[in-house]
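Could you build all of it, start to finish, from the sequences and the hints given here?
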Amino acid sequence: MAEYVLEAQGLTKFYGSKPAVDHIDLKIPRGCVCGFVGRNGAGKTTAIKLMLGFLKPTAGSSRLLGCDSQNLTPAIRQRIGYAAEGHHLFRDATIGNLAGFHSAFFHKQLASAKQGEAGWDGKLFWDMIEYFGLSKKQKIKKLSNGQRAQVSLALTLAPNPELLIMDDPTLGLDAAIRRQFLEGMIELIMHQGRTILFSSHILGDIDRVADRIIVLDKGVIRANCTIEQFRTAVKKVRFVFGQSMPETVDIEGLLHSRRADKELEMVLVGTADEKIAEWAKSAGVEEYQIIKQNLEDQFIEYTAPIGQIRPFAWEAKQ
Amino acid sequence: MKFLALLRGQLGGIIGTGIGQIILILGCGYFAVTAATQFERFSENFGSASSPLSGVGPLLIFASILCGSILGLQFWLMSYRRTWHFLLHRSVSRVTILLSMITAAVLTLVVFTGGCWTLLFLYASLPGLFVLPPTLQVYFEGWLFISLGLVFFMGVALSGISTAKFYTTKLFGIIFAGIILIVTFMSLDIFRASIVIAAGILIPAVQLFSVFLNRDF
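Just so you know, the sequences run in chain order A and B. Throughout the first sequence, residue numbering follows this note's numbering, covering 561 to 878 in sequence. Throughout the second sequence, residue numbering follows this note's numbering, covering 28 to 244 in sequence.
These aren't lab readings, by the way, just hints derived from the structure by calculation. Don't take each hint at face value.
[To be verified] Some residues of chain A that are not near chain B, with every Cβ distance over 12 Å (derived):
1. T633
2. D771
3. I850
4. E856
[Claimed, not checked] Between beta-carbon pairs, the in silico distance windows are:
5. N600(A) <-> I202(B): 44 to 52 Å
6. R242(B) <-> D585(A): 25 to 33 Å
7. G753(A) <-> R242(B): 28 to 36 Å
8. Y107(B) <-> D585(A): 30 to 38 Å
9. G679(A) <-> L31(B): 52 to 60 Å
All figures in this text were calculated on a predicted structure; none of them were measured in a lab. For every residue, glycine included, the Cβ atom is placed at its ideal position computed from N, Cα and C.
This is the structure in structure tokens:
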């Protein structure tokens, strides 16, 4: 039986009458790298804060490393690394001060400890700081967003956390720094048994690092599968009709469709290629093509609001 | 150990306030005491007496309230700078975190403001400086003034972490501290003033713990 480091059952949070997170059921097994994706306002940050016990759920519950999120013990918190969105650190502290403060909450890692064992690894921290071209005496308030993110990553990774939760860690970083950041994460992944949940708007990052994708849309989990399963499941197909197009489209897994002249574009989920061919034949399609898409395109199609796929006003005028 | 780390972290952020207190109280206080000695010598010729630390009282009240308010502002700044999550995701309970913040504020008031007050009192008590040296009651009154700083710390902190709207109860803590200040001056004796100040600390403190332990961050 798989051991789950993160479990959520019916996790719900309402702000007033509006649900930010709506009955989330989630199980993340140990050793998994999960990309948590969703559009702006999808509820990613709220879900993460609920799981970490910063917010109280309206209904439902969640457990991290077997402990209820609302009652995370200090010992459990020590095993969880968390990088908040925006990497907000104490502005008046220097990197050295911050490292001293942060390390006081962990066991000092013994030289005899095996690589990857929990505990504050000062060498790893300072190696990362040096790698990022930062120094001990630099004040946090004088660092750029990217540099602050690097300090935050080093602080989060240095204790070798069993579970790492990061809320949009690469937000606002340039491509080079983002790559450094992801390399740091990959370094951690290489330690056996580490689990990572990170939210991001950049699907390329998810594709590069994650092996599982969780799609959150308007507070609801729309997909929770491996990247490969998501890639295979979401298809965009363009059908060209010689004569008239059918009035209604009845095909299994249809998410939404677009009509233009003699063309019909469909976004299908979980529809087998044989079924598509079968439907094309029965509908009198002249030719059809399954369009190759990258993960980002697939995500956009998958989360596009039904009936709202239309050009912006300025595009329509052109 | 972890509590000490939290305390050190808190004190690191407010050490500037403490140094400001030393400069304000010792600088202005020394000037006030010196002026009082001069006034005493002058008034001796006319046969009238003066109170040795009368000029320091208002200064102490002002400095304590200012210090307490600045310390309480840390709670506003934590929200404004969004650093609560960094602090709260520690391997300690929320109670320990709040206790460290309160302890840092108390230590700043006691060590810096109280220390300066004690030095001024000892200076004014030096033999030969005043005809009538200040009494222990004056010293105790000074500490009551300093504890007004704690009343304002609690009030400003409570308002800082309150999630209510500005036009509802968010500013309750600050307004309550203001009311306590007025009631303290209306009190007829030290005992009653002490009771009022104790209530002014305890009531928002209970509320502060309740909000801090239960609010969404």
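key: Violated hints, by number in ascending order, as checked against the structure   = 1, 5 and 9
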